[in-house]
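Protein chains in written order, with our numbering: chain A, 17 to 384; chain B, -11 to 242.
Since the hints were made in silico from the structure, they are not lab data.
Some clues are possibly wrong.
Far from chain A, some chain B residues (derived; all Cβ distances over 10 Å) [unchecked claim]: (1) Arg(-2); (2) Thr31; (3) Val49; (4) Asn53; (5) Ala168; (6) Ala180; (7) Val199; (8) Glu225; (9) Leu237; (10) Gly238.
Cut-off 16 Å, straight-line C-alpha distance, at most; resulting in silico cross-link-like pairs (EDC-like, lysine to aspartate or glutamate) [said to hold, decoys possible]: (11) Lys159/B with Asp188/B; (12) Lys200/B with Glu174/B; (13) Lys59/B with Glu242/A; (14) Lys138/B with Asp241/A; (15) Lys200/B with Glu183/B; (16) Lys159/B with Asp65/B.
Just so you know, these numbers come straight off a predicted model, no measurement behind them.
Yeah, the Cβ is synthetic: ideal placement off N, Cα and C, and Gly gets one too.
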Amino acid sequence: MTASWLRRLEWFQRDPRGKWVGLALAVIGLAVLPFALEASVGRTWVRIIDLALLYAMLALGLNIVVGFAGLLDLGYIAFYAVGAYVYALLASPHFGIHLPWWILLPMGAVLAAFFGVVLGAPTLRLRGDYLAIVTLGFGEIIRIFLNNLNAPINITNGPQGVNMIDPIAVNGVSFAKTNMLLGISFPGTHLHYYLLLLLTALVVFVCLRLEDSRIGRAWAAVREDEIAAQAMGINTRNVKLLAFAMGASFGGVAGGLFSSLQGFVSPESFALWESITVLCMVVLGGMGHVAGVVLGALLLATLPELLRHTAAPVQQQLFGKVILDPESLRMLLFGLALILVMLLRPAGLWPSPTRRRELTSARAPGTV
Amino acid sequence: MALLEARNIRKSFGGLLALSEVSLTIETGEIYGLIGPNGAGKTTLFNVLTGLYKPDFGAVVFNGNDLTGRKPNLIADAGIARTFQNIRLFANMAAVENVMVGRHLRTRAGPLGAVLRDKTTMAEEADIRRRAHELLEYVGVVRHAEALAKNLAYGDQRRLEIARALATDPKLLALDEPAAGMNPTETASLRALLEQIRADGITILLIEHDVKLVMGLCNRVAVLDYGKKIAEGAPAEVQRNPVVIEAYLGGALP
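Extracted from the complex, chain A is given alone in its bound form (with noise of 0.2 Å):
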């Protein structure tokens, strides 16, 4: 019986027919997802995924800065800021304006890596320590101003935040309700699910050409030995600031879709506390390498939540009341699974190949 399954296990690997049935048979299973999660455990789970699916395209703008090209960035959480905002103040009652999706979602992109590009010249001779203080201090410049831009003129309304964002509307069909698509109803969750696993697949497949590529290698000579990298001809300034345009951008196209996703925003979601999260799912799926830092945020972004429905209701059965309340003892576990991971797992849950060679051997294998 075993024997048989690891013989299939290794024909779905070996055969490239193998490999086109895998990816099938993945496409359905997340395509069935959200239908799956609705029958067995409610709506509510299929927002959760939304919002995991979020959190991994930041994840993965973050990693092109952290990962890629070494550079600690404590203000992330801004560019999304940035993104999300000018969704809601192009796309909602509050200026009157009510420019489409597909024109506020590269908006937010662009104006987000121009944002990095001014983040990241001042910055460009500070490393480490040095730079992760000035890049939170202008995660906490941005959300202030959102917080106090309400006078004496009012752009971004204050701590109210912008109400009644318009959702995202293919040929007609709204993100915000139900719809009957060729007979199966398809409510707005659902098809933000969709979006978002294409946008992630998307961002996912740009993370993963541009570091097998001359940008990506730039980046990791920089990370590694920025001396070493200018002198071998890497401009760094550029290479640099490019890793700062890149990653902010994703921020900006994933704070576009928060906003039609919420219908409403505030300076309140972009508080330090986000950018520090952000950066959990990195360093916890394994820095620099996309896969594992996919995982870290799915499960960074879902744990919590299934904490949050679960630790109540277990508590009450096993001491007949609530000892701890979920929130803290969210706060509680988290700790303690960063503490965990990076003492037995230094490099992350799922590290990069190289990544794992450089912490585990010594020598690798076929050198002398």
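Position chain B relative to chain A; hints supplied.
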């Protein structure tokens, strides 16, 4: 024709005058040695020539262009490639990737090409990889092409650094103590490699402590002591120069 001309270079760090009015001329096709006791200012001069330091005074002219105070990447672009005294490889990249980074300067693909993988980009990428393998073969570490740079043996790391520098298509290869820490066998094979590079038409600037290597290999030698050039000329002449002997061994007792 002079390939590189350094004129009256002065560099001080705080109160310490590391280089005072040092001038030297390197001719195309030669191996030019730079020797001197520890702390004489050899590496400082090296860093000025390759753009890591800006000189306080003086000029660096390379191939007819004034390179004084230019950034290291522009100097590499102009045709000076270097290695480092304390090896500075990209430790966690494969050996072949290290050399591929060296090709960055002579290739063009941007992020769009990287994502789309159009024909031009793919051709360029294949070319980068092929050239990197050629250079690994050339310096003799091709069998470790896929190993992480930091896992290579010490001597191989030195050779890998040379391959990475050669990948930038330099006119002048500047080597900072390439034989440091090598045993006599490794030094002998390094010497053969440097002779091969010279024969292939690349000029070499060599800082070295191994006197035997310098004397056997270099066409001309300059001696630095306390930031000043105290002698220059053919190795045999310099070796007999009483000022040089005094700098290395100290003067006669009064």
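Do the hints match the structure? See the list:
1. Arg(-2): Given a closest Cβ separation of 23 Å, the condition holds.
2. Thr31: holds, 13 Å
3. Val49: holds, 20 Å
4. Asn53: holds, 15 Å
5. Ala168: Non-interface label stands for Ala168/B: nearest chain A Cβ at 17 Å, farther than 10 Å.
6. Ala180: holds, 20 Å
7. Val199: holds, 27 Å
8. Glu225: holds, 33 Å
9. Leu237: holds, 35 Å
10. Gly238: holds, 36 Å
11. Lys159/B with Asp188/B: holds, 11 Å
12. Lys200/B with Glu174/B: Holds, at roughly 14 Å.
13. Lys59/B with Glu242/A: The hint holds at about 13 Å.
14. Lys138/B with Asp241/A: Distance of about 13 Å is within 16 Å: holds.
15. Lys200/B with Glu183/B: OK: Lys200/B and Glu183/B at ~15 Å, within 16 Å.
16. Lys159/B with Asp65/B: holds, 10 Å
In summary, the structure agrees with every hint in the numbered list given earlier.
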